[in-house]
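From the two separate chains plus the hints, produce the assembled complex.
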Amino acid sequence: MKLISYRHEGREAYGVVKDGGIVDMTARLDHPNLKHAIAGLSINEMEKLAAGADPDVGLDDIEYMFPITSPEKIFCIGRNYRAYHEVLEDGGPKWPSIFPRFASGFAPHGEAIIQPAVSEQLDYEGEIGVIIGKSGRHIPEEKALDYVAGYTIINEGSVRDWQTKGTQNCPGKNFHRSGAIGPWMVSRDEIDDLDALQIKTSVGGETRQDGGSDMMIFKIPFVISHISKFTWLEPGDMIATGSPGGSAIESNPPKWLKPGEEISINIDPIGTLTNPVEAE
Amino acid sequence: MRLASFWVSGHEGFGAVTDNGIIELTGRLSGRQQTLRDVLEAGVLEEAAQITADAEVDYALGEVEWRLPIPDPEKIYCVGQNYAAHITEMGYELPEYPSIFARFPRTFVPHNGSMIMPSHSGHFDYEGEMTIVIGTEARHVSEADALDYVAGYTVCNDGSVRDWQKRGPQVAPGKNWEFSGMLGPWITTSDEAGDPGNMAVKTWVNGELRQDGNTSDLVFSASYLVSYISTFITLMPGDMITTGSPSGVAVAFDPPKWLKPGDHVEIEIETVGKLSGDVIEG
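Protein sequence lines correspond, in order, to chains A and B.
The working numbering applies: residue 1 is where the first sequence begins, and numbers increase by one.
The working numbering applies: residue 1001 is where the second sequence begins, and numbers increase by one.
No lab work stands behind these hints: they were computed from the structure.
Being a predicted model, the structure only gives us computed values, none of them experimental.
C-beta: ideal position from N, C-alpha, C; glycine also.
Accuracy of the hints is not assured; some may be wrong.
Computed, partial: chain A to chain B, Cβ under 7 Å [as the list claims (entries may be wrong)]:
id	residue
1	Y84
2	S97
3	I98
4	F99
5	V118
6	G166
7	T167
8	P171
9	N174
10	H176
11	T231
12	W256
Just so you have them, the derived chain A footprint on chain B, three or more residues with Cβ under 8 Å [as the list claims (entries may be wrong)]:
id	region
13	1027-1039
14	1049-1062
This is chain B alone, in the form it adopts within the complex (with noise of 0.2 Å):
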């Protein structure tokens, strides 16, 4: 099943996205859930699903603006230097513990949202990566059930700001702007996306690829990254966690393949789904 959040005839809500359009299911479920991330609080994703079946669609999937797969998430935490070709190749050995940092809901965009170019740098780059959505609310699980605590997965662009992420020894600075990044643009739940250790994830800009990479080359997997979080942290569900991105970023080419106004990013992950942006003038 795959799940988003979407504005349509004035009204926020959520549904199912078939290849044909939208089933609608706010409000629709026996516990009368209005978001999706409701829907993972009360644990009733099997519900949905049976609705699911046996509804015709309420909208074609260009009548609705898509939101963030979960509008509100509590936290999102992201993985820096992840993907082990990426990190040999630009020569440093492979981390023993992940990088993780934060990033708030604000920063990104939907699909086919428009992001904003940066009014203080030039230095503008997008990040492909996977991105695991917990169901379940998790702390000190092991990494044997981590996947059980995920809902599904979702495709995210980390968009990513570079002369900021070195102003001063943290990066959150570069990886906190407005409107820098997009997510999106739906939840592929855990049963259709399949296994999060063998995820095909490709970048385009203005249709040129730019990133092809497999999560089968992550350094920290999916069920290492909850299972490592959840030490410090409760994770709850429509928490997010974004993976890290595959070799291919714009500051890795001579010279930087920087964003500018006027761009179009496509990301798109194997059995997830292609999130779309453009960038405009900030």
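So that you can see chain A by itself, here it is in the shape it has in the complex (with noise of 0.2 Å):
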């Protein structure tokens, strides 16, 4: 099942999507928004519900929103991709690169992403974005899918110049609507193997980035139990899981994303996250 924030007629819903359309929930139930949705765990219900509905808005109708609109914490896990018959060496990393994003550093979908006026290497990172369903600490890794509603998609797009001034790289993942998610989330049981996803980064019709999941370093149980050992993760939290090779930045020259071109980003069976790239 996708479920979906969007603005109708200056109004915040959300909603599942269905026949092109989106089956309203938020005059079906009593949760304010989809954040209060999962995790009043009404997953089956908004299901059950939208089965014997038909859309009440077409999807051309829409202003897309985050599919939750207000996350409390947004966690970005970096240099995630090995290489197909890469060998790590030394086993590869020992820890996971961890650092949190706030919303306001991403667009949603169909918004334009936003070439910042200090740099030009605006570049993109097509990644999975695991969204939580249930509040958790110190989760075990083999129950850590347990508390997952589901997966969308994240652009958590870099200014690549930025990142390397200081000794941490906030600044240039921290840049004003430089990332995007959406277009919507699907539920965890549309997808049975976290290690069969393939991620399609394409840029005016070119294709970037084109990697399995299969190539992950720190597995999605694993990061979620890694972090839930120093924070609660709350229903609405995001993570976005890395980006497989292909960034502008590995061209030779780099091929940033410049003002009016158009990236889509794809993995099945979530959907396609596209956004125009404007500049500031």
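See below:
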């Protein structure tokens, strides 16, 4: 099931994507937003309600919002994919690279990603986004997926030269609307094998990233368990799980995102996240 | 004016802190603002000051349970290694750019709160810091104008779990432990707090003075940091920037003087306030 948050005729709503439209759940459930609905474990209820209903609104008639409109926390994992046939020396990194991002660093599906005035080095990173559905702390790895409500697509857009100013990557990872999240989330039952997802990023129709989640170094259950050692994970929290090879910086010369281009990230069966690029 | 958020008589509120007690301001301004962040967003600090000037106190200081000064800020940025003397004593060169990282609000406890000793680490440290509170939306503001966007200042313990800071190339895990830092007790407005470039910062653990610095030693000043961060993101009313810690943290002692359950931490910033908290078992 695909779950979406959106704005229609000025009103914020959420619902189930069905037959090219949306069955509005705002009117059918007591929960004010999707974060509350998934926390209330209402996913099964939404499925039942949607099964017997026709779409209330078409996907062409809405403004997309982040699937979770106001997440408390967004954690990102850096350098989490190895290349095919690559043997990691010393068995690879011992610990994942983890850093927070705030929601204002992202744009929703369909809205412009902003190439900043102070840098040309706007890069993309197509990633699987995990959305937490249940509060948890000290979650064992083998139980980690029980805490997941579903998955979305994240463009963990980065301004490369600002990642290396200072010892922390935060400035380069926190530019206003430099990334994107969406277009919706799929409930976790839609994905049978987390190691069999293919992340495909294209810019202006040219394929730039085409990597399988089997190349992830720190797998999703480990990452959830690890983060939950230091903080509570709450419903609606998101984890961007890292990007396969093919970012702009890896080309020579680098293929930075430019105003006027359009970037699409496809992860089947989640969907496709598309955004135009605009100059600040 | 000193502005605080608190729990009292079973409700959430905010108000002005005086030496005699607290004047509740929840819903008392013409815009009926229910939170301090709403007051900053509406830009009505002057109205709050006028009401405060003529009002009687509603509560004694001991009557309220303090909350984070802004309980739900959109963003908190921290600056690492920002005191010149501390950097040089550690044998490093002065940096060209500030080290900036993010913390989520739930990593802090309010004034008189209990920090939780991390369950997977003994390397629990304190960092007494002066913290900027943004009053007006700021993007691409110049260093010269930056302080016009600041509502005031508060006090922070940027509490850190040192071994987890080194797990992976980013410090975030060691800086985002649940209830590992402190923030408060209130926001002292810019007019009263004075020059952010000349504030004494002192930290005591169980009464022993550990840190004794002054923001005059900051490599990157308050105005520089507001300007710099506003280059990449829009700073919103209630956002906070905590400006780094002077020398004397636990890890700098040999052997390190790690925090442990039962410890009492106090951080005072001249002209802003004194923040206290305890450490309890995880």
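Status of the hints after comparison with the structure:
At about 24 Å, the closest approach between the beta carbon of A/Y84 and any beta carbon in chain B exceeds 7 Å, and the interface hint on this residue is violated. With 7 Å as the threshold, the beta carbon of A/S97 comes within range of chain B, its nearest partner Cβ sitting at about 4 Å, so the hint holds. Annotation: A/I98 was flagged as interfacial toward chain B, and the flag holds, the nearest CB pair being 5 Å apart, inside 7 Å. The interface hint given for A/F99 is met, as the beta carbon of that residue sits about 4 Å from the closest beta carbon of chain B, less than 7 Å.
For A/V118, the interface hint holds, since its Cβ comes within 7 Å of a Cβ in chain B; the closest pair sits about 6 Å apart. Checking A/G166 against chain B by beta carbon gives a least distance of about 4 Å; that is within 7 Å, so the hint holds. Because the beta carbon of A/T167 sits about 4 Å from the nearest beta carbon in chain B, less than 7 Å, this interface hint is met. With its C-beta approaching chain B no nearer than about 5 Å, A/P171 sits inside the 7 Å limit, and its interface hint holds.
The closest approach between the C-beta of A/N174 and any C-beta of chain B is roughly 5 Å, which is under the 7 Å cut-off, so the hint is satisfied. A distance limit of 7 Å between C-beta atoms decides the matter here; for A/H176 the minimum to chain B is near 5 Å, and the interface restraint holds. For A/T231, the interface hint holds, the least distance from its beta-carbon to any beta-carbon of chain B being 5 Å, beneath 7 Å. Taking 7 Å as the C-beta contact cut-off toward chain B, the hint placing A/W256 at the interface is violated, the least distance being around 16 Å.
Restraint check on the region 1027-1039 of chain B versus chain A: 0 residues with Cβ-Cβ distances below 8 Å, three needed, restraint violated. Coverage of the region 1049-1062 of chain B by chain A is violated in this model, with 0 residues showing a Cβ closer than 8 Å to a Cβ of that chain against a need of three.
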